[in-house]
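Visitor: Chain by chain, the residues:
4 protein chains.
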Amino acid sequence: MDDTTRLNDTIGPQDPQTIAERVGAGMFAEDAASQGLGMSVDAMAPGYARLSMSVRPDMLNGFKICHGGFITTLADSAFAFACNSANRLTVAAAIAVDFIAPAHEGDRLIAEAKELTQAGRSGIYDVKVVNQRGETIALLRGRSHRLKDQPVVPL
Amino acid sequence: MDDTTRLNDTIGPQDPQTIAERVGAGMFAEDAASQGLGMSVDAMAPGYARLSMSVRPDMLNGFKICHGGFITTLADSAFAFACNSANRLTVAAAIAVDFIAPAHEGDRLIAEAKELTQAGRSGIYDVKVVNQRGETIALLRGRSHRLKDQPVVPL
Amino acid sequence: MDDTTRLNDTIGPQDPQTIAERVGAGMFAEDAASQGLGMSVDAMAPGYARLSMSVRPDMLNGFKICHGGFITTLADSAFAFACNSANRLTVAAAIAVDFIAPAHEGDRLIAEAKELTQAGRSGIYDVKVVNQRGETIALLRGRSHRLKDQPVVPL
Amino acid sequence: MDDTTRLNDTIGPQDPQTIAERVGAGMFAEDAASQGLGMSVDAMAPGYARLSMSVRPDMLNGFKICHGGFITTLADSAFAFACNSANRLTVAAAIAVDFIAPAHEGDRLIAEAKELTQAGRSGIYDVKVVNQRGETIALLRGRSHRLKDQPVVPL
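Protein chains in written order, with my numbering: chain H, 1 to 155; chain P, 1 to 155; chain L, 1 to 155; chain W, 1 to 155.
Isolated chain H (complex conformation) (with noise of 0.2 Å):
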């Protein structure tokens, strides 16, 4: 690779880090659902995503704390924005979820997920969920399957 191209990959659409920015961004402003809940993209990188949402009372059930479905839903945007930071459309296969610690009103939980492998169509990676103080909430493991050459975003 000569210079000439590696200026232009600091700058243009086919520098990795860049192509994962535009389509975190270009995902949550078309994501009514993530929107919804006052998800924020925090930071985005290829294959890695960290997103953060706090906990609200129409997220407690009925034993008055967070809803597994809420903490879930955070940690399955977290492995969406992160399986689509390529840029080639990508849907979740699977995920599991193990819950570790209660989630209550007002923490603020922090979901960073991490590509552990990609062979062929199919992606694995995994989520860790922390509240504010760090205390891990909960851990997802996603199984990702790319579809065929779509682009998430035009860029």
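These aren't lab readings, by the way, just hints derived from the structure by calculation. For glycine and all other residues, C-beta sits at the position ideal for the given N, C-alpha and C.
Only some residues are given here: those of chain P computed to face chain L with a beta carbon under 7 Å:
1) A96
2) D98
3) T117
4) A119
5) I124
6) T136
7) R141
Starting from the structure of chain H, add chains P, L and W where the hints point.
Guide: Using the frame of chain H, we list chains P, L and W on its own:
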């Protein structure tokens, strides 16, 4: 409920079916999350619950299909109602979800949860989520953990 | 097989039940692992397989109960036989196993695998492992991935 | 920590590293299953174990690749050694395995297990299985359940 019913206390709160129904009504009344998503509890029985929910515009992700997190939240609620149906306080320890087909705005999703095993404090439950045409949307398998003897609702 | 059977070729290799049985026999004949563990293929049908295995001394772990890996191997074999029963080459992409009760030396374990869904190249299967008294030992849920059209055995 | 304490730590059964190593040796000596498959315990530490195994002809399935059950058995052994490394008797409650790439006869598989969380009696562990070229073969996530205080081995 009239006096006759009250007199029949031997088939009253001790009756597993009656207990399950009271737990369902009592849990739902306190469950802001399930209420806020427009769920309804359509059937309760020992080790069993059936809930339903319509896919709203605010549940759609950037691909304009129902965010997997909301499908999971419905399934997880059904799991929670089923595993608490004996009125012994129980929480979800882990869930695994396979996403089979997408759900679209306006679809009516029905989640049916059934107990497979209960050994010691651990239970295994299966939840099947179908749409209004009976097509399978997702399959959840959940592991429950029963807390030290505490009722879910006063009977 | 006599001439009459051969003449009935319209219900011959095209018949899903016959295909499943031939796949079962053909796969097992080549499967050193399942043979070496003393498994037997007790029933085959479309999307279905039932295998059994006795717990031998060399399958016990340090706690003198059957190593979970061998229980899983039996369940995984049943899964493999079921998901290949249509004679289209299919591999396991993922399995999740819940261990319900221990198995002991001399126990006869029976694993019954059933197809839940098949969509595109992906299938979901459930396997239940019970002992000779019908007690549930483990539950496996598997995700299969069908390879490009290749037969498993010549028919 | 002063020098005296350090000296005691390096030799005393109270030292977590020493305990882990003794548990590893003691468990393996009693573990007919792991021995019979030719496993070796290559490293032990608190919340950590690394085991390896070569793929033998009798581990191949009908497709002439290592049966997923044997890959799982190696990973499950690593999980068991790691979750018992504090010498408190612990069993596997559930495992989920993603199969990433096939393993072939003669491959040397290395399984490295690490504790992610331990809360109450429940722990979550990750196991990564690689071959002799460092290629990822499988990923296991396990949930452990600690029994009432019992040692694994006498110290």
